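So you can see what is in the structure, the chains are spelled out below.
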Amino acid sequence: MNVFEKMLSIDRRWIFLAIGIAVIVPFFFPLGLPVVVTPPVESLYDAVDEIHPNDAPLLLSIDYAPATLPELEPMAMAILRHAFEKDVNVVVMTLHPAGYGLAERAMLDAAEEMGQEYGTDYCFLGFQPGTSAVILGMGVNIATVFPEDAYGTPLAEIPMMEGVRNYDDIPLVISLAGWSAAEAWVYYAYQPFGQAVGAGVTAVMATDFYPYLSSNQLVGLLGGMRGAAEYEMKIDNPDKGVQGMDSQSIIHIMIIILIVAGNIAYFGARRRKKLEEAEAA
Amino acid sequence: MGTIIWTTIGAILTLSVYSFLYKDNPFYKFAEHLVVGISAGYYLVIYYYNFIDPNVVTPVFQLRLGDQAIGFGSGAWWLALIPGLLGLLLYTRFFPKVAWVARWSLGIYVGGYAGLGLSPVMQARVIEQIGANALPLTSVTNVLIVVGLLGTLAYFFFSMKHKGILGVFARTGIVFLMVGFGASFGYTVMSRISLLIGRVSFLLHDWLHLV
Chain B
36 MNVFEKMLSI DRRWIFLAIG IAVIVPFFFP LGLPVVVTPP VESLYDAVDE
86 IHPNDAPLLL SIDYAPATLP ELEPMAMAIL RHAFEKDVNV VVMTLHPAGY
136 GLAERAMLDA AEEMGQEYGT DYCFLGFQPG TSAVILGMGV NIATVFPEDA
186 YGTPLAEIPM MEGVRNYDDI PLVISLAGWS AAEAWVYYAY QPFGQAVGAG
236 VTAVMATDFY PYLSSNQLVG LLGGMRGAAE YEMKIDNPDK GVQGMDSQSI
286 IHIMIIILIV AGNIAYFGAR RRKKLEEAEA A
Chain W
16 MGTIIWTTIG AILTLSVYSF LYKDNPFYKF AEHLVVGISA GYYLVIYYYN
66 FIDPNVVTPV FQLRLGDQAI GFGSGAWWLA LIPGLLGLLL YTRFFPKVAW
116 VARWSLGIYV GGYAGLGLSP VMQARVIEQI GANALPLTSV TNVLIVVGLL
166 GTLAYFFFSM KHKGILGVFA RTGIVFLMVG FGASFGYTVM SRISLLIGRV
216 SFLLHDWLHL V
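Protein chains in written order, with my numbering: chain B, 36 to 316; chain W, 16 to 226.
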């Protein structure tokens, strides 16, 4: 067995181990690689930044489940911190049945950290099934879709919801989703009502959302953990997104090397085989 | 104390799932079955209390008991009952002789959603995209977008043989498609590694408090 064949027959568990080590090491020895903020993230940051303090609220739809938590929760935390720091009121809701506890956790953690008060600075509408019907219904009257908040208080009795009837009273909706919910906000909030919509999606989905960004149907876009890291840099509060970027960069370099090595081994082995066949003939 | 216990359970389950990378084993199987079972139970409860109870059970039964002032004249009782009954009809699929009845509910469901989605989806995915890609050829980026769009459309045009100018465009389209697939693959790698980073962060930070 020549060196190329050895490379091709390597037990893939060694690669898993190498990737595991490459992810773990930067947690103990951070490299502090630079994170450059890209225009889609800048646009979303600006859209949140332009909302008037203590006025019409930002609607944050935390539509993710545990499976996409590492990518999307840092986004939620960064956006909530930014909004709370600017005294922007935030309405939190979810369209994913498994998102209820995660949305509540992100909201309460950020609110406690930033000293915000429930009912006057933020509120939680909870979960409603039927994505498209919920989004369309909220465009007519939020109170018909969510008559009360997640804790049973009628919306009319929540101070920050006074005068908030539908999308006319909401300057920006941001959906953080690992499924098609963010697209649904474009279809059913932007298209029929002209509601400004921003999105934070998993990296897998990011390429599908650039067409909405380039056609101005989204005001901004966060793609995966990288998007979260960029937003954290914008608000000058590096957290889990930025922390993960060192590991991410090392793994990317590693995968590039593996792809190149795999190709060299494949073509090398093929060439060697042809030479051997020619010699035998 | 409770947090430590739950975090430790989470950590053990995380390690059980990743043990599959070495080889299939009972710990992985246990974690897998636990996820399926808990998810099914969780979704059932969430959907019942957030959907069936407030939209069907409460309006229909509380009116009968006189606990809720909906009023017969409003028709709310029937409005709540009709979709509830249509939902129940879906279960006729379990009885082969009357299984066809489930098609009524499905027909209404599919028709309703198709009607709701047709206009906004067409607008968002086709009309707006045509507008966004009808660009003046005044920059390299715009030229690349227009050439990429035309080339990709040419590749998926099957009514003529891909020869001559159409062939040139189709081959150009393949290049753009490959670049697109490459970008998607890169993003996919980033996404999957992010999940691993999240779990490692949980183990090292939340569980072991090492970082």
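Since the hints were made in silico from the structure, they are not lab data.
Source: prediction; values computed, not measured.
Incorrect hints may appear among the rest.
Sample of chain B residues with no beta-carbon within 12 Å of chain W, all distances over it, derived [stated by the list, open to error]:
#, residue
1, GLU152
2, ILE170
3, GLU183
4, ALA263
5, LYS275
6, ILE286
7, ILE291
Simulated coverage check for chain W against chain B, where a stretch passes if three residues somewhere in it have a Cβ under 8 Å from a Cβ of chain B [said to hold, decoys possible]:
#, region
8, 100-109
9, 144-154
All C-beta atoms, glycine included, are put in the ideal place defined by N, C-alpha and C.
Going down the list of hints, with the structure as the test:
1. GLU152: 25 Å, holds
2. ILE170: Nearest chain W Cβ is 10 Å from ILE170(B), so the label is violated.
3. GLU183: With a cut-off of 12 Å, GLU183(B) comes too close to chain W, as the shortest Cβ separation is near 10 Å.
4. ALA263: 9 Å, violated
5. LYS275: 6 Å, violated
6. ILE286: Given that some Cβ of chain W is not farther than 12 Å from that of ILE286(B), nearest at about 5 Å, it is violated.
7. ILE291: Violated, because the least Cβ-Cβ distance between ILE291(B) and chain W comes to about 10 Å, which does not exceed 12 Å.
8. 100-109: violated (count 0)
9. 144-154: holds (count 3)
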